[in-house]
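Visitor: Next come the chains, spelled out residue by residue.
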Amino acid sequence: MSFTARRLGFSYGLHEATFELPQTGLITLAGPNGAGKSTLLGILAGLRAPYRGSVTYAGRELRQWPRRQFATDVAYVPQAIHIEFPFTVREVVRMGRTPRSGGWYESEHDRTAAEQAMSITDCFALRDRDFRALSGGERQRVILAAALAQEPKTLLLDEPATHLDLRHQLSLYRLLARLGRTILVVAVTHDLNLAMQFSDRVVILEGGGVAGDGTPGEVLNPASIESVFGVRTTLQSGPEGKPWLVYGMDGA
Amino acid sequence: MRPVVLSALFLLAVTVIAPLLGSTHIDLGKAFAGASPDYDIFYYARVPRVLLALLAGAALSITGVLFQCMLRDPLAEPYTLGVSSGAAVGAVLAICLGFQSTGLASLIGAALVLLIVIGMSVDGRRMSSFTLLLTGVTMNSIAFAIILFLHSIASFAQSFAISRWLMGGLDAVPYSTLAWLAAIVVPVLILVTMRAPQWNLLAVGEEWAASRGVSTTLLMGFGYVAGSVLTGLVTSLTGPIGFVGLIVPHALRLRFGADHRTLMPCSILLGAAFLVICDTLSRTMNPPTDFPVGVLTAMGGGPFFLWLLRTKRRSLWM
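Going down the list, the sequences are from chains A and B. Counting from 223, one number per residue, gives the positions in the first sequence under the numbering used here. Counting from 1088, one number per residue, gives the positions in the second sequence under the numbering used here.
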């Protein structure tokens, strides 16, 4: 197990969440606004404290993990960051190496890890640009690159596709699914179809607790979606013959 | 690495040349031979003043970098977080009460403000940059009101002394004072610069830093205390010298980028050089008067900075 949560709660947004997450796989976290998705992700990233109940990573309670050691294992990708100073893309990505290398001197491996992360996320060409001059989608790819440069065993992403164009949404989820073969990837998403196509497992949060947890086929069916989101959907055969959720304009 | 080496060489050149210049011509041969008055002017008037300018410039510039980074506010400067106002209240109070040592009184004032701000902004085990900023700015306002009050009840002579102190300025100080100043300032500069990678992370955001293993409360607490010690010490000796801590960091960011591993050492070295140059100008421009150096840093540095902003912003600031 990577994360094990027992009756996990927080002062706002989350109460009594119990679940276990495996060592590898792409797990998407879905649910209505205010269901506690980002709060949960923040707790797992070690950023929201104090929490109630218990949550362990690799068998050790989160609050007992030494910060830096935890950061070499677990990388967190926020929805967006806002930078006031003229950092270049390369500098932002290299910051991801700090928990591993201390950040003063750059080894050959630090350099290659950062460059590889930039090529995987399609932002190598942006490497000398001022981060502030990038578009929302480009920024999101750079933030992801910084997390990958960290070479984590667990990657936590908060709505990583919000600002991405269609092509980059697909390549992002393909990348996350591929990463999921070797590490644990947990992504908050609102796009149920992306979740259905790419994830190994879907966890639905509602009102601060777990409302559904299983394979996409088990969890993302019209009945449960209507009960959680209040939207009528139908399952149709999508491109490549895979199931696809469809909803009309008066679905709500 | 190259910018740091070049900055160091530049500072070295400035430090060697500055004591040779002054309103009175001195004969170097006589000065080194110990002949009066050349020796006294050189060793007891000029060299200590240049060294004080050097330490003050270095301390104010790096504190500017530090506070801008911690608050993620490009307008932050060493005086934003209240410590120098505390120093000013101490000094003004000392003047009004007729105490001799304005320096000691301003140190006490600075320390008091530091403790109050820390006490206010550490909440349990967390420290937020937002509370820090609000507390600091409020302390500034309170201190300013106290100074106005004291000023209004002061005698004519005291009033003149107060104005003079508040203008800030460098003076020759005894070598013993320089020695203890350096003994504190230099290690603090080194401790701050050593954490450059962590400042990089904090400059992006507290979450960004925390998710990369930085204990942000500790780091910010350290940054606030370090910056306040630097500013408080310098202000107690020189009064407020505006603008150095604002424009040196920005000018260097425009030139070298935001990476604190380069920015911090360069700010120390070139901030020191900048204040030494400004002070040399203020000593030599209109002898025997010397202008408050703060007037010069703002009048000379301001337009230079505007020019830099104008020519560089398109490439670096979008």
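Simulated from the structure, these hints should not be mistaken for laboratory data. There may be inaccurate statements among the hints.
[Said to hold, decoys possible] Label-pair restraints from in silico Cβ distances:
| # | chain 1 | residue 1 | chain 2 | residue 2 | range |
| --- | --- | --- | --- | --- | --- |
| 1 | B | A1269 | A | T240 | 57 to 63 Å |
| 2 | A | Q301 | B | I1205 | 30 to 36 Å |
| 3 | A | G256 | B | M1207 | 30 to 36 Å |
| 4 | A | W326 | B | M1254 | 54 to 60 Å |
Ideal placement from N, C-alpha and C gives every residue a C-beta, glycine not left out.
Visitor: Determine for every hint whether it applies to the structure shown.
Guide: Results for each hint:
1. The beta-carbon spacing between A1269 of chain B and T240 of chain A, approximately 59 Å, falls within the hinted interval of 57 to 63 Å.
2. At about 32 Å, the CB distance of Q301 of chain A to I1205 of chain B agrees with the hint of 30 to 36 Å.
3. Range check, G256 of chain A to M1207 of chain B: about 32 Å between beta-carbon atoms, so the 30 to 36 Å window is met.
4. Hint check: W326 of chain A to M1254 of chain B, Cβ distance near 40 Å, so the stated range 54 to 60 Å is violated.
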